[in-house]
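**Student:** Sequence:
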Amino acid sequence: HIDHVILRHEDSLFCRHQSYQELFTESQPVRKISLQFLSPTAFRSGGKRNVLFPEASLAFGSYLSKWQHFSPIKVDEHTAELLGKIIVARYKLNTHIMHFNSYQEIGFEGECTFELPADFDEDSLKTINALADFAFYCGTGAKTTMGMGQTGRIK
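Per full-length UniProt numbering, the very first residue in the sequence shown carries number 1; after that it's consecutive.
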C-alpha cells in the first residue's frame, strides 16, 4: 500500500530532478566530496564476493560508467585515469544486510569523505563533482535497481 505521495521535490530529500546538463554546469570545483550511503552498498569483485568499502575508483568508476552509458554529454576519457588518485579522507561506516526473497546481500552504510588531489585542474574537479551529484540518481555499486546503493551527497 502507499503511505504518502510527494508532489513537490522541495518536500523531500529523496525527490529531485536535474538534467545531465544541469548536473554538469552546476557542479562546483571542490576538493572534498562527502557521500552518504543510505542503503546497503557493495561492489562485486569476481564471483560472489562483495567489496564492503567505498574505494574511490569503484564508487566513482560506477558513476562514470553509468554517466557515459546514459548521458548525451560525454565525459573526457582522461577522467577515468584520475579516479585512482582520489583518496578516502575519512569514513563512518557499518555493515548491514539487505534481505531479498530467497537470499540476502551484505553491504556498507554510512558516510565517507573523498579528497581530490591538489594537481586536479578545475575542469577535472567539476567533472568529478558532477559525477558525485549524479550518484543520487544512479546509486552506487551492485544491485542499485533492487534498492541497494542509495546514495546522497552531503554538502
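FYI, nobody ran anything at the bench for these hints, they're computed from the structure.
This one's a predicted model, so the numbers in the text were calculated from it and none came from an experiment.
Please note: incorrect hints may appear among the correct ones.
Said to hold, decoys possible - Label-pair distances were calculated between CB atoms; the ranges are:
(1) GLY61 to TYR20: 14 to 22 Å
(2) GLN21 to LYS48: 34 to 42 Å
(3) ASP3 to ALA118: 22 to 30 Å
(4) PRO72 to GLN28: 33 to 41 Å
(5) ILE73 to VAL30: 39 to 47 Å
(6) GLN36 to GLN68: 21 to 29 Å
(7) PRO117 to HIS17: 30 to 38 Å
(8) LYS48 to THR25: 13 to 21 Å
(9) ASN94 to MET146: 16 to 24 Å
Said to hold, decoys possible - The calculated DSBU-like cross-link candidates involving lysine-lysine, where the alpha carbons are at most 30 Å apart (straight line), are:
(10) LYS126 to LYS48
(11) LYS85 to LYS74
(12) LYS143 to LYS126
(13) LYS48 to LYS66
(14) LYS155 to LYS66
(15) LYS85 to LYS66
(16) LYS74 to LYS155
(17) LYS143 to LYS92
(18) LYS92 to LYS66
(19) LYS74 to LYS32
(20) LYS85 to LYS155
(21) LYS92 to LYS126
(22) LYS32 to LYS126
(23) LYS155 to LYS126
(24) LYS74 to LYS143
(25) LYS32 to LYS92
For glycine and all other residues, C-beta sits at the position ideal for the given N, C-alpha and C.
**Student:** Look at the Cβ atoms of ILE73 and VAL30 and judge whether their distance stays inside 39 to 47 Å.
**Tutor:** Roughly 20 Å apart at Cβ, these two residues miss the hinted range, so it is violated.
**Student:** Cβ-Cβ distance between GLN36 and GLN68: within 21 to 29 Å?
**Tutor:** 24 Å, holds
**Student:** Measure nothing beyond the straight line between the CA atoms of LYS155 and LYS126; if it is 30 Å or shorter, mark the hint as holding.
**Tutor:** 15 Å, holds
**Student:** Between the alpha carbons of LYS85 and LYS155, is the straight-line distance 30 Å or under?
**Tutor:** 22 Å, holds
**Student:** LYS92 and LYS66 were given as a pair; does the straight-line alpha-carbon distance stay at or below 30 Å?
**Tutor:** 26 Å, holds
**Student:** State, for the Cβ atoms of ASN94 and MET146, whether the hinted interval 16 to 24 Å holds or is violated.
**Tutor:** Between ASN94 and MET146, where Cβ atoms are some 20 Å apart, the hint holds.
**Student:** Regarding the pair LYS48 and LYS66, is the alpha-carbon distance no greater than 30 Å?
**Tutor:** Distance of about 22 Å is within 30 Å: holds.
**Student:** Using the Cβ atoms, figure out if PRO117 sits within 30 to 38 Å of HIS17.
**Tutor:** Since PRO117 and HIS17 have Cβ atoms about 32 Å apart, the given range 30 to 38 Å holds.
**Student:** Would you mind confirming whether the straight-line C-alpha gap from LYS155 to LYS66 stays at or under 30 Å?
**Tutor:** Within the cut-off at roughly 23 Å; holds.
**Student:** Using the beta carbons of GLY61 and TYR20, state whether their distance is inside 14 to 22 Å or not.
**Tutor:** Taking Cβ atoms as reference, GLY61 and TYR20 lie about 18 Å apart, which means the hint holds.
**Student:** Sort out whether LYS126 lies within 30 Å of LYS92, counting only the CA atoms.
**Tutor:** Distance of about 25 Å is within 30 Å: holds.
**Student:** Honestly, do GLN21 and LYS48 meet the 34 to 42 Å range at C-beta?
**Tutor:** With Cβ atoms ~39 Å apart, the hint holds.
In this structure, the earlier hints numbered 3, 4, 5, 8 and 10 are contradicted, and the remaining ones agree with it.
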